[in-house]
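Participant: Given the coordinates of chain H, assemble chain D onto it according to the supplied hints.
From first to last, the protein sequence lines are chains H and D. Heads up, the first sequence is in my numbering, so the first residue is 122 and it goes up one at a time. Heads up, the second sequence is in my numbering, so the first residue is 122 and it goes up one at a time.
Bear in mind the hints are in silico, worked out from the structure with no lab data behind them. It is possible that some hints are incorrect.
Note that identical chains are pooled: a pair holds if it fits in a single copy or bridges any two copies.
[Stated by the list, open to error] No more than 25 Å apart at the CA atoms, straight line, and that leaves these computed lysine to any residue pairs for SDA-like: (1) 295 to 235; (2) 220 to 167; (3) 295 to 335; (4) 295 to 257; (5) 294 to 335; (6) 295 to 163; (7) 294 to 176; (8) 294 to 232; (9) 294 to 337; (10) 295 to 305; (11) 294 to 236; (12) 139 to 348; (13) 294 to 339; (14) 295 to 336.
No experiment lies behind these values; they were computed from the predicted model shown.
2 protein chains.
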Amino acid sequence: MRYAVFGTGTVGRTVAAKLALLGHDVTIGTRDPRSTLSRTEPDATGTPPFAEWGRDHPQVRLAAFADAAAHADVVVNATSGATALAALGLAGAENLEGKPLLDIANPLDFSRGMPPSLDPVNTDSLGEQIQRAFPAAKVVKTLNTMTAAVMTDPARVPGEHNVFVSGDDIGAKKTATELLLSFGWPAASIIDLGDITTARGTEMLLPIWLRLWGALGHGEFNFHIQGARTGA
Amino acid sequence: MRYAVFGTGTVGRTVAAKLALLGHDVTIGTRDPRSTLSRTEPDATGTPPFAEWGRDHPQVRLAAFADAAAHADVVVNATSGATALAALGLAGAENLEGKPLLDIANPLDFSRGMPPSLDPVNTDSLGEQIQRAFPAAKVVKTLNTMTAAVMTDPARVPGEHNVFVSGDDIGAKKTATELLLSFGWPAASIIDLGDITTARGTEMLLPIWLRLWGALGHGEFNFHIQGARTGA
Chain H
122 MRYAVFGTGT VGRTVAAKLA LLGHDVTIGT RDPRSTLSRT EPDATGTPPF AEWGRDHPQV
182 RLAAFADAAA HADVVVNATS GATALAALGL AGAENLEGKP LLDIANPLDF SRGMPPSLDP
242 VNTDSLGEQI QRAFPAAKVV KTLNTMTAAV MTDPARVPGE HNVFVSGDDI GAKKTATELL
302 LSFGWPAASI IDLGDITTAR GTEMLLPIWL RLWGALGHGE FNFHIQGART GA
Chain D
122 MRYAVFGTGT VGRTVAAKLA LLGHDVTIGT RDPRSTLSRT EPDATGTPPF AEWGRDHPQV
182 RLAAFADAAA HADVVVNATS GATALAALGL AGAENLEGKP LLDIANPLDF SRGMPPSLDP
242 VNTDSLGEQI QRAFPAAKVV KTLNTMTAAV MTDPARVPGE HNVFVSGDDI GAKKTATELL
302 LSFGWPAASI IDLGDITTAR GTEMLLPIWL RLWGALGHGE FNFHIQGART GA
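Next up, chain H with everything else stripped away, as it sits in the complex (with noise of 0.2 Å):
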């Protein structure tokens, strides 16, 4: 399968990295291949500059968004939740129509200061601002409620814990689970909240996720719905 990771951060880098190890053809897109090879500092978090991570990636291209897009069968959108919609309109709704379009990003605001809150939240949620602003696309949210390397590698949270899916399309539905599954994920973990406006109830852990990284002291840990049965 062809895949268009968009975000050059450290979810993007993971998952790419996991695509790639699995066999896929994997593009990462960004705004601007040449200034984001250009860097040679790490970020602001520590995060190396990319061509350093490109070098020990080789079989992962980087592509601007346009060019990753028109590439893939699927889009993964790994932006920071600002910058989502900017980078999807670069890329183009004619590269989007009728692909998967994963979303595993957060709306995350922190113009208000430490802890971030969200934007959008409550009665709209990124995943839906993304299917309103690309209507051929077909959208699905998953694999925003943990930190990267328990996305692509669930077993290093030992025991039981689930990952969530949300979309209105069940064949891009299919292939995010047929995703998941490739990445580790137990069928019975993977639970299906319903439609893309589910994803806000998804976005909305981020707030308690962010308090427990802080109570526990790490991030890998991730959310179980205990006595999960379904109904008779």
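Facilitator: Then chain D, alone, in the frame of chain H:
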């Protein structure tokens, strides 16, 4: 211990009955006891009239908010979120002063249709609103992340699962923790998230709780933080 439980709905009744069973002195607080007792029909959600429940629980008294609070060592807010501040206002700041105030409600807003949204949300919480309105009360947010039957009988959900505690006062959090232990919560299941601002995180679990309720077809599940070992 003398408890005032505010709220005559399912949550208030369930918690009051459990506290009475554990041997505490329990008064349910309501706006107008005569009016509460005068209802003879089930409410819109099918909950039997309070007078009927009261006949089965003669050890639980019913009183106006102020009388219930004045008599209590600990106050439990189990009103609907929308009426919480008004109910506590009727109780009177002087009757809450210095007391642990366990806020187990959620600020569900039904005014925008179903599913309900939250108000306040994101940059504020009901727990914080109550603490600001009654600065001499010792507000602890807890038990708001599950259905009433699970609050008082955690073993109804098989396996390990968690209850959260948020609040500024260490002593009041100790009181809350002792209550949780007496309800059957194992010590290891109780996660102290930090100060009262962390109530934003637990209140924001409601949207996914409601969607899970819909997707699973039952409410007897709970959140379990898998991998919640604390940092070295």
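Participant: At 25 Å max between alpha carbons, let me know whether residue 295 reaches residue 335 within a copy, between copies, both or neither.
Facilitator: Between copies only: 20 Å across, 35 Å inside.
Participant: Quick one: residue 294 to residue 236, C-alpha cut-off 25 Å, is that within a copy, between copies, both, or neither?
Facilitator: Answer is between: at 22 Å across copies they meet the 25 Å cutoff, but 32 Å inside does not.
Participant: As a check of your reading, is residue 295 near residue 305 (CA-CA no more than 25 Å) within one copy, between copies, both or neither?
Facilitator: Answer is within: at 15 Å inside a copy they meet the 25 Å cutoff, but 40 Å across does not.
Participant: Taking 25 Å as the upper bound on the Cα-Cα distance, should residue 295 and residue 163 be classified as within, between, both, or neither?
Facilitator: Answer is neither: 37 Å inside a copy and 44 Å across each miss the 25 Å cutoff.
Participant: From the Cα coordinates, with 25 Å as the cut-off, is the pair residue 294 and residue 339 best called within, between, both, or neither?
Facilitator: between (30 Å within a copy, 23 Å between copies)
Participant: Using 25 Å as the alpha-carbon threshold, which applies to residue 139 and residue 348: within, between, both, or neither?
Facilitator: between (31 Å within a copy, 22 Å between copies)
Participant: Using 25 Å as the alpha-carbon threshold, which applies to residue 294 and residue 337: within, between, both, or neither?
Facilitator: Between copies only: 18 Å across chains, 32 Å inside a chain, cut-off 25 Å.
Participant: With 25 Å as the alpha-carbon cut-off, assign the pair residue 295 and residue 235 to within, between, both or neither.
Facilitator: Classified as neither; 37 Å inside a copy, 27 Å across copies.
Participant: Taking 25 Å as the upper bound on the Cα-Cα distance, should residue 295 and residue 257 be classified as within, between, both, or neither?
Facilitator: within (17 Å within a copy, 53 Å between copies)
Participant: At most 25 Å between alpha carbons: which applies to residue 295 and residue 336, within, between, both or neither?
Facilitator: For residue 295 and residue 336, the Cα distance is within 25 Å only across copies (17 Å; inside one copy 36 Å).
Participant: At most 25 Å between alpha carbons: which applies to residue 294 and residue 232, within, between, both or neither?
Facilitator: neither (33 Å within a copy, 31 Å between copies)
Participant: Within a copy, between copies, both or neither: where do residue 220 and residue 167 come within 25 Å Cα-Cα?
Facilitator: neither (34 Å within a copy, 45 Å between copies)
When each numbered hint is compared with the structure, violations occur for hints 1, 2, 6, 7 and 8.
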